[in-house]
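Colleague: Between the sequences and the hints, there should be enough to build the whole structure, so can you do that?
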Amino acid sequence: MAETAAPAEFRAFLTSGDWVRLALLWLGGFCLRVTLLAVPPVIPAIHASLGLDEKAIGVLTGMPVLLLAAAAIPGSLLIARLGARRALLAALLILGGAGALRGVGPMTGMLYTLTFLMGTGVAFAQPIFPTLVRDWFPSRVGLATAAYSNGLLVGETTPVSLTGPALLPALHGGWAAALAVWSIPVLLAILLFAVFTSHVDEDAGAPPRRWWPDFRDVRLWQVALILAFASAVYFGTNTFLPDYVRAVGLPQAKDPALTLLNAGQLPASLLVLAFPERILRRRWPFVACAVGMGGGLTGMILGPPGLILFWSAGIGFFAGLALILTLTLPPVLASPADVPRYSAGLFTINYAVSFAGPVIGGGAWDLTGRPQAAFVALILGTVVMAALALSVNLRGGPSR
Numbered sequence: 001m002a003e004t005a006a007p008a009e010f011r012a013f014l015t016s017g018d019w020v021r022l023a024l025l026w027l028g029g030f031c032l033r034v035t036l037l038a039v040p041p042v043i044p045a046i047h048a049s050l051g052l053d054e055k056a057i058g059v060l061t062g063m064p065v066l067l068l069a070a071a072a073i074p075g076s077l078l079i080a081r082l083g084a085r086r087a088l089l090a091a092l093l094i095l096g097g098a099g100a101l102r103g104v105g106p107m108t109g110m111l112y113t114l115t116f117l118m119g120t121g122v123a124f125a126q127p128i129f130p131t132l133v134r135d136w137f138p139s140r141v142g143l144a145t146a147a148y149s150n151g152l153l154v155g156e157t158t159p160v161s162l163t164g165p166a167l168l169p170a171l172h173g174g175w176a177a178a179l180a181v182w183s184i185p186v187l188l189a190i191l192l193f194a195v196f197t198s199h200v201d202e203d204a205g206a207p208p209r210r211w212w213p214d215f216r217d218v219r220l221w222q223v224a225l226i227l228a229f230a231s232a233v234y235f236g237t238n239t240f241l242p243d244y245v246r247a248v249g250l251p252q253a254k255d256p257a258l259t260l261l262n263a264g265q266l267p268a269s270l271l272v273l274a275f276p277e278r279i280l281r282r283r284w285p286f287v288a289c290a291v292g293m294g295g296g297l298t299g300m301i302l303g304p305p306g307l308i309l310f311w312s313a314g315i316g317f318f319a320g321l322a323l324i325l326t327l328t329l330p331p332v333l334a335s336p337a338d339v340p341r342y343s344a345g346l347f348t349i350n351y352a353v354s355f356a357g358p359v360i361g362g363g364a365w366d367l368t369g370r371p372q373a374a375f376v377a378l379i380l381g382t383v384v385m386a387a388l389a390l391s392v393n394l395r396g397g398p399s400r
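Taking UniProt numbering, I'd label the letters of the sequence shown as residues 1 to 400.
Among these hints, one or two may not hold up.
Computed spacing ranges between beta-carbons, pair by pair [stated by the list, open to error]: (1) Val291 <-> Gly249: 20 to 30 Å; (2) Asp53 <-> Leu390: 31 to 41 Å; (3) Asp135 <-> Gly51: 39 to 49 Å; (4) Thr108 <-> Ser335: 42 to 52 Å; (5) Pro165 <-> Leu93: 28 to 38 Å; (6) Phe116 <-> Asp214: 21 to 31 Å; (7) Arg210 <-> Ala166: 38 to 48 Å; (8) Ala70 <-> Asp214: 11 to 21 Å; (9) Gly249 <-> Ser16: 23 to 33 Å.
Hints listed in this document are in silico derivations from the structure and should not be mistaken for laboratory results. Keep in mind that this is a model prediction, so the values were computed, not measured. Ideal Cβ positions, reconstructed from N, Cα and C, are used throughout, including at glycine.
Modeller: In structure tokens form, the structure reads like this:
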């Protein structure tokens with residue numbers, strides 16, 4: 001079983017081609033997050049430049065999340081029609097090009113339009129990676145998923161760690177140029193995938209690959225909603241933390257708080273690799289994640305401001321753990337041929353629901369005038385997440 005095989009996978013012999021494919025999976029995961037998470041560190045600069053209120057900022061950061069839902073199924077269709085490699089190259093081209101041009105011109109409409117296109121590219125690409133994991137490493141799914149997941153987490157951590165303290169000063173505070181810089185790795189990934197991978201034709205005798213998710217699968221909904229509430233906490237905290245620390249009189253805490261929120265996820269990937277047989281495909285780790293995130297958010301709004309950095313790291317850890325635990329599920333809860341459409345269904349439900357987190361939180365802040373109100377909405381989501389985790393069955397075989 002996948003949850004007991006991970007340590008042995010690291011000891012197994014890997015060819016040079018395997019290492020190249022693992023590196024590509026890591027880089028691909030990095031690219032799926034780096035342009036999204038380049039926005040929170042420049043939110044104050046966007047405020048000053050475009051005069052957006054908190055709800056508008058919530059839409060700006062939440063729009064790509066909604067697109068991850070709306071365009072995930074078309075991503076599955078792209079795989080069925082073009083193959084995983086060609087679909088990925090097209091998706092990365094949209095992602096990298098639109099991400100680089102988001103700050104062109106001072107118009108708010110340009111920012112929103114290109115953010116829309118960038119989010120579409122991310123959404124097209126996201127279901128492709130579980131497919132590549134299955135195609136490239138059928139006997140090492142755990143190892144390949146770990147590489148892809150670690151790339152995701154590093155892609156979330158790097159822009160929030162470097163943009164504020166290093167990149168913005170080097171660019172004289174130019175938020176548009178800062179956003180463009182973080183598209184460079186995506187353009188590099190396009191080149192490397194084009195050079196080091198090749199298109200594989202489908203077996204002529206094989207039936208057409210199914211691409212539409214089975215939304216009648218109750219377990220798919222349960223798993224997706226568990227991840228959705230965790231994602232809402234993660235994206236919502238990234239959205240509101242920069243202005244929250246300023247509202248409570250700690251503007252100097254913005255960059256370290258964002259860094260810890262995102263870097264806090266990295267130890268979670270090591271925990272999964274160290275104890276896979278104890279935490280994968282079990283309900284209690286998801287319950288623990290919900291309790292941990294809810295506790296961290298409560299501590300942030302009720303505790304002393306001096307502990308904001310501590311709570312930020314804790315929220316990041318549990319949000320990252322929930323993400324990694326969920327990414328291991330499609331290869332074991334779906335048959336090999338159905339991994340793309342199962343993943344598309346998972347991402348569709350997840351991001352459709354998690355989009356509401358920043359929007360509802362921003363609306364609550366604007367309505368009440370109290371920054372704490374934004375986080376109360378996220379806390380309520382963790383309660384629902386815990387209830388769902390207690391009811392889902394993760395030990396059965398692939399859904400039919």
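Colleague: Are any of the numbered hints broken by this structure? If so, which, sorted upward?
Modeller: Hint 9 is the one this structure does not satisfy, whereas the remaining hints hold.
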